[in-house]
Amino acid sequence: EDQVTQSPEALRLQEGESSSLNCSYTVSGLRGLFWYRQDPGKGPEFLFTLYSAGEEKEKERLKATLTKKESFLHITAPKPEDSATYLCAVQANRMDSSYKLIFGSGTRLLVRP
Amino acid sequence: NAGVTQTPKFQVLKTGQSMTLQCAQDMNHNSMYWYRQDPGMGLRLIYYSASEGTTDKGEVPNGYNVSRLNKREFSLRLESAAPSQTSVYFCASSEARRGAFFGQGTRLTVV
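Heads up: the sequence lines are chains A and B, in that order. The working numbering applies: residue 19 is where the first sequence begins, and numbers increase by one. The working numbering applies: residue 34 is where the second sequence begins, and numbers increase by one.
Worth double-checking, as some hints may not be accurate.
[As the list claims (entries may be wrong)] Derived contacts from chain A toward chain B, CB cut-off under 8 Å, selection only:
| hint | residue |
| --- | --- |
| 1 | Arg49 |
| 2 | Gly50 |
| 3 | Phe52 |
| 4 | Lys60 |
| 5 | Gly61 |
| 6 | Pro62 |
| 7 | Phe64 |
| 8 | Tyr69 |
| 9 | Leu105 |
| 10 | Gln109 |
| 11 | Leu119 |
| 12 | Gly122 |
| 13 | Ser123 |
| 14 | Gly124 |
Calculated from the structure, these hints are not laboratory results. This one's a predicted model, so the numbers in the text were calculated from it and none came from an experiment. Ideal Cβ positions, reconstructed from N, Cα and C, are used throughout, including at glycine.
Using the sequences and the accompanying hints, generate a full structural model.
Listed below in structure tokens is the structure:
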């Protein structure tokens with residue numbers, strides 16, 4: 019069964035204090051791994067797609083990396099506006115070509131000034 | 034560019050009432066999804082549609098039905114609402130191996 023586990027559940031950082039969020043996955047053939055940001059009261063906002071082990075993507079202070087079993091979202095010198103819940107999702111290869119996404123439960127990040 | 038539009042944004046139902054949540058996307062995506070989000074449980078897939086005319090069950094389909102009306106629209110129906118269906122519902126759409134785009138959500142309370 020496809021499964022996604024994110025850790026930690028919650029993370030508090032001081033402004034400028036770099037850290038990483040983890041997403042471990044079990045899937046029968048990975049088609050893609052996705053990172054999202056979700057602000058309170060809003061829908062998830064797409065950040066990155068990673069397709070194969072060794073791949074990296076960057077956007078401002080965020081960098082996502084992928085191995086065969088997990089993905090990391092590195093946050094460098096975070097600012098208070100980076101506070102949000104970060105969600106990881108996987109898409110598995112399927113014979114029927116369906117593209118359903120399976121999500122982890124997220125990491126709530128709070129960056130204090 | 035509206036993206037994914039959900040209606041209504043808020044709804045209060047009495048136990049046993051029925052309602053339909055509407056979703057429309059203007060990105061010409063083939064795949065559409067309905068998720069529910071509960072505190073501490075992340076996003077759980079209710080139903081999805083890989084293309085117009087097809088629908089499949091996700092993790093938590095009991096108590097729900099869906100209709101893929103055309104390529105743009107994917108509706109979610111609660112036939113007889115229960116308090117356990119109190120949640121935030123999100124519709125999303127995607128194309129092939131690209132990331133999904135989400136609507137702003139419908140906050141449903143069943144009393």
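Hints, verified against the model:
no.: 1; hint: Arg49; in the structure: holds, 6 Å
no.: 2; hint: Gly50; in the structure: holds, 5 Å
no.: 3; hint: Phe52; in the structure: holds, 5 Å
no.: 4; hint: Lys60; in the structure: holds, 6 Å
no.: 5; hint: Gly61; in the structure: holds, 4 Å
no.: 6; hint: Pro62; in the structure: holds, 5 Å
no.: 7; hint: Phe64; in the structure: holds, 4 Å
no.: 8; hint: Tyr69; in the structure: holds, 7 Å
no.: 9; hint: Leu105; in the structure: holds, 7 Å
no.: 10; hint: Gln109; in the structure: holds, 7 Å
no.: 11; hint: Leu119; in the structure: holds, 6 Å
no.: 12; hint: Gly122; in the structure: holds, 6 Å
no.: 13; hint: Ser123; in the structure: holds, 4 Å
no.: 14; hint: Gly124; in the structure: holds, 6 Å
Checked against the numbered hints above, the structure breaks none of them.
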